[in-house]
Amino acid sequence: MRQSFSIGIGGAAGQGVATPGDIFAKIFSRRGLHLNAYNAYQSIIRGGHTFLTIRTGPDKITSTDGRMDLLIPLNQDTVDRHLRLLSAGGACLYNADLIHPATPVEGVQLCPLPVSKLADISRNKVAQNTLAMGAALSMVGVGFAALESVLEEQFRKKTQAVIDENVSLARAGYDYATQNFKPFAWPLPLTDARYAVLSGNGAMAMGGAAAGVKFYSAYPMSPSTGVLHWMAEHAREAEIMVRQVEDEIGVINMAIGASHAGVRSMCATSGGGFALMSEGLGLSAQAEIPVVVIDCQRAGPSTGVPTKTEQGDLWQMLGAAFGDYPRVIAAPLDIADCFKLMPEIFNITDRFQCPGIVLCDLLLAEGRLSVDPAEIDFHPAIDRGEMITSNGGEHAPYLRYKITDSGVSPRVIPGLPGYTHVVSSDEHDEDGVLISDAYTNHAKRRAMMEKRMRKMQGIAAAIPPPQLIGPPTADVTLVGWGSTFGVIDEACELLREQGISANHLPIRWLVPLHGEAILDILRNARHTLIVENNFSGQFARYLRSETSFVPTGHIRKYDGEPFFPQHIVQAVKDQLAGKTTLSIPAHEVMV
Amino acid sequence: MATEIITPNAITMADFKGRVEPDWCPGCGDYGVLAAVQKALVELQIPQHEVATISGIGCSSNFPGFIETYGMHTLHGRSLPVATGVKMANHALTVLVTGGDGDGFGIGCGHFVHAMRRNVDLTYLVMDNQIYGLTTGQTSPTSRLAMKTKTTPFGNVERPVNPVALALAAGATYVARGFSADQKHLTELVKNAIAHKGFSFIDIFSPCITYNHDNTIPWFRPRVKKLEDNPAYDSTDWTAAMEQAQLWGDEIPIGKFFERTDVPSLHSLEPVLNSGPLVHQSNRIPADIAKSFIDELM
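Protein chains in written order, with the numbering used here: chain D, 1 to 591; chain S, 1 to 298.
Incorrect hints may appear among the rest.
[What the hints assert, rightly or not] Lysine to any residue pairs mimicking SDA-like chemistry, simulated, CA-CA at most 20 Å apart:
| no. | chain 1 | residue 1 | chain 2 | residue 2 |
| --- | --- | --- | --- | --- |
| 1 | D | Lys60 | D | Arg236 |
| 2 | D | Lys340 | S | Ser268 |
| 3 | S | Lys197 | S | Ser268 |
| 4 | D | Lys402 | S | Arg19 |
| 5 | S | Lys291 | D | Glu430 |
| 6 | D | Lys340 | S | Lys197 |
| 7 | S | Lys17 | D | Tyr419 |
| 8 | S | Lys291 | D | His379 |
| 9 | D | Lys402 | S | Pro286 |
| 10 | S | Lys17 | D | Leu190 |
| 11 | D | Lys340 | S | Lys17 |
| 12 | S | Lys17 | D | Gln575 |
| 13 | S | Lys291 | D | Leu399 |
| 14 | S | Lys17 | D | Arg194 |
| 15 | D | Lys402 | D | Glu430 |
| 16 | D | Lys26 | S | Lys197 |
| 17 | S | Lys291 | D | Lys402 |
| 18 | D | Lys26 | S | Asp295 |
[As the list claims (entries may be wrong)] Distance windows between CB atoms, simulated:
| no. | chain 1 | residue 1 | chain 2 | residue 2 | range |
| --- | --- | --- | --- | --- | --- |
| 19 | D | Thr440 | S | Pro222 | 33 to 43 Å |
| 20 | S | Ser282 | D | Ala18 | 57 to 67 Å |
| 21 | D | Pro183 | S | Asp295 | 29 to 39 Å |
| 22 | D | Ala460 | S | Asp23 | 35 to 45 Å |
| 23 | S | Gly155 | D | Ile584 | 23 to 33 Å |
| 24 | D | Pro373 | S | Asp23 | 21 to 31 Å |
| 25 | D | Thr440 | S | Pro231 | 48 to 58 Å |
| 26 | D | Asn391 | S | Ser282 | 18 to 28 Å |
| 27 | S | Ser282 | D | Ala96 | 25 to 35 Å |
Source of the hints: derived by calculation from the structure; they are not laboratory data.
Keep in mind it's a predicted model, so treat the numbers as computed, not measured.
Just so it is clear, CB atoms sit at the ideal spot from N, CA and C, and this is done for glycine as well.
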């Protein structure tokens, strides 16, 4: 089992759950500890219940698991909901003036903080948060200096008096805990590593910037808005034009316009906004203008559950826009991959002049992960594909949609003398002349369809087939796609510890799908389970449609919350025992 | 990208002749608009490769195919966001947007309002024939009350949108109305609109010979009155423009309703464009900037 320590901080929206979360994350990552954080929240600005979990430890932490070592409730509701997540050795740190916990299980330490005695609560409304942070760090064996320096950074835009007040509050909490509470048996270790803490949204935005994105457009939509925020905040330094547009139809069309004029363009949305972009994807494919769209999935349908995660958009992606057209769809496997995938998909969309979709979800988009800064490569390979940039003299008449073996016709960026042409959403001939109206021609139409669709062979050759992780043969083979990578990875480890050998086939590139390669792997599998965060087994259905492969069973979840490793472990055991072929784990954390 | 040295008046009508003949109906108003735009570009001596002509879908949206520039035929109603993207990525281009009343005031009306408030430096030419032509004669957002069409066989009961008033209300910085049968006047308006720095909009009466039997060239000809013929008319006066925009009937004003030059166009407000068009900038993040982005996360 991975050595880890989990802190849960909960309260109403507006009570300041995020700040202690950020501060803990910074302190842990600076100690060289890995971390994974997930914030369960609601679509409300003030009130409701927000519950942030940070899991940290010296090994890679690929998911959270709902188990708590330290609970910091900022209100009564939080302690009522979550005290039961603590087991022997755990502790609950709370404001003794306001919060009255029930009796916890044996071995859980209740740590009341006399907030009104330690702080002037009439002046500082979030005093309890700062006191609790100080107390918590004392109990996990982290020296006070780490907190002091992070607080100074956190409040550096405020006055010195604000910094001093917060530092002294934190100190009071720290000292009080040192004198009155029992420290944790396992003090947090210190390693030489240093990690960056990324959200998936931040990672995709930075990955885009690294890929050379010069134009970013979006309409705010949870959980994708973080990409827009990063872009807006860093636009000037990164020299990226960022536009907030009136709707997602405008968003994708503006991005396509900018791309047509020669720059790499990107946009992000969630399922509802993506639905509005659908026609634009067809334009990108038909006019052969690359564009990259990020879809951060949330629980649907319709407005659905805007603050909850799901992998329910796969078939929307597969079916988006009418007609057959070349495209590439990829699902990042974790938050680090959210960064890494962007330059890769941009190179493909530029080389093959087609739309690309990054199928992310709330779990990654808004989660946090410690990432080795060396993995954040701002100088990746950039391949803009075949372009004519020469400006010299005589040349054969330019054919924008020249029929080639690869299906790729070299692009010219508007502005170049001697190469004017028309690009079109209507079907057209090699010259760009419409063959939809006066000059319809079935032979040309067929040739044009075949030219475009030939690109799919090139794309398939450009993306690697999926690889099996773990032993070549195992009791159970778990197949996942996108964000389930981390939780399946940990589940496999737990299964092995319990004497069940498990391997893992994560799918990153969804379209085109390397069906033969997947079949070659799964043909030898004894017991294959497909794990996905949706109701109908969207990937299982897709895999079957592409390969005729039928798995032994399914593990699905569609309650808005992510899988925990133990969900998968239990489901595997149930299915190996023949109890069921469809496991739908119940979520144990009430958020 | 090097620029050719263009000798004065070297650009002629032949340069802008499209590679296929327009497939509009004989007598369509759009021919007049095409000729006026070609003439305006010749008179302004703008080389064809520095012009992007972007359209939506509809009869008039086939325009980019009939003029030799960098053309783009987009989706129904989406020409303005595409054109905005083009202009943002390369503001050195002269960007013309062409389309019809259904494309611009129906399905694309949301984008129309936002492009105007943003003051994107585009010239938007709407060939307004008050009917859906390419779909064979349905009511459009500018069809007049009581007009009989295939979808209003007993007469239209919905009041038409007033494009000029809408543009004025949305903050357009150049608003005009033209008549495709008055070539000389329309050419001047198009030149003027292209020269305007900011969003320029011309609602152009471009009658449909096939499906609109009410608002025909002979119907318009005696009614249109040029604002330029009234020496007292001040096109910097927004209120006067709004008053003129309300007129419809025996007298229908055409000409430049309104222009203001004190509002910066969108691209001029973008510090990111200080070093020149986006398309010519480096697509690499400098190492020190990249390091600062990572440091924020440590």
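A quick look at each hint next to the structure:
| no. | hint | in the structure |
| --- | --- | --- |
| 1 | D:Lys60 <-> D:Arg236 | violated, 34 Å |
| 2 | D:Lys340 <-> S:Ser268 | violated, 34 Å |
| 3 | S:Lys197 <-> S:Ser268 | holds, 10 Å |
| 4 | D:Lys402 <-> S:Arg19 | holds, 17 Å |
| 5 | S:Lys291 <-> D:Glu430 | violated, 45 Å |
| 6 | D:Lys340 <-> S:Lys197 | violated, 41 Å |
| 7 | S:Lys17 <-> D:Tyr419 | holds, 14 Å |
| 8 | S:Lys291 <-> D:His379 | holds, 11 Å |
| 9 | D:Lys402 <-> S:Pro286 | violated, 37 Å |
| 10 | S:Lys17 <-> D:Leu190 | violated, 73 Å |
| 11 | D:Lys340 <-> S:Lys17 | violated, 47 Å |
| 12 | S:Lys17 <-> D:Gln575 | violated, 71 Å |
| 13 | S:Lys291 <-> D:Leu399 | violated, 43 Å |
| 14 | S:Lys17 <-> D:Arg194 | violated, 63 Å |
| 15 | D:Lys402 <-> D:Glu430 | holds, 5 Å |
| 16 | D:Lys26 <-> S:Lys197 | violated, 48 Å |
| 17 | S:Lys291 <-> D:Lys402 | violated, 42 Å |
| 18 | D:Lys26 <-> S:Asp295 | holds, 12 Å |
| 19 | D:Thr440 <-> S:Pro222: 33 to 43 Å | holds, 41 Å |
| 20 | S:Ser282 <-> D:Ala18: 57 to 67 Å | violated, 35 Å |
| 21 | D:Pro183 <-> S:Asp295: 29 to 39 Å | holds, 32 Å |
| 22 | D:Ala460 <-> S:Asp23: 35 to 45 Å | holds, 39 Å |
| 23 | S:Gly155 <-> D:Ile584: 23 to 33 Å | violated, 58 Å |
| 24 | D:Pro373 <-> S:Asp23: 21 to 31 Å | violated, 59 Å |
| 25 | D:Thr440 <-> S:Pro231: 48 to 58 Å | holds, 53 Å |
| 26 | D:Asn391 <-> S:Ser282: 18 to 28 Å | holds, 20 Å |
| 27 | S:Ser282 <-> D:Ala96: 25 to 35 Å | violated, 58 Å |
In terms of the numbered hints stated before, the structure departs from hints 1, 2, 5, 6, 9, 10, 11, 12, 13, 14, 16, 17, 20, 23, 24 and 27, listed from lowest to highest.
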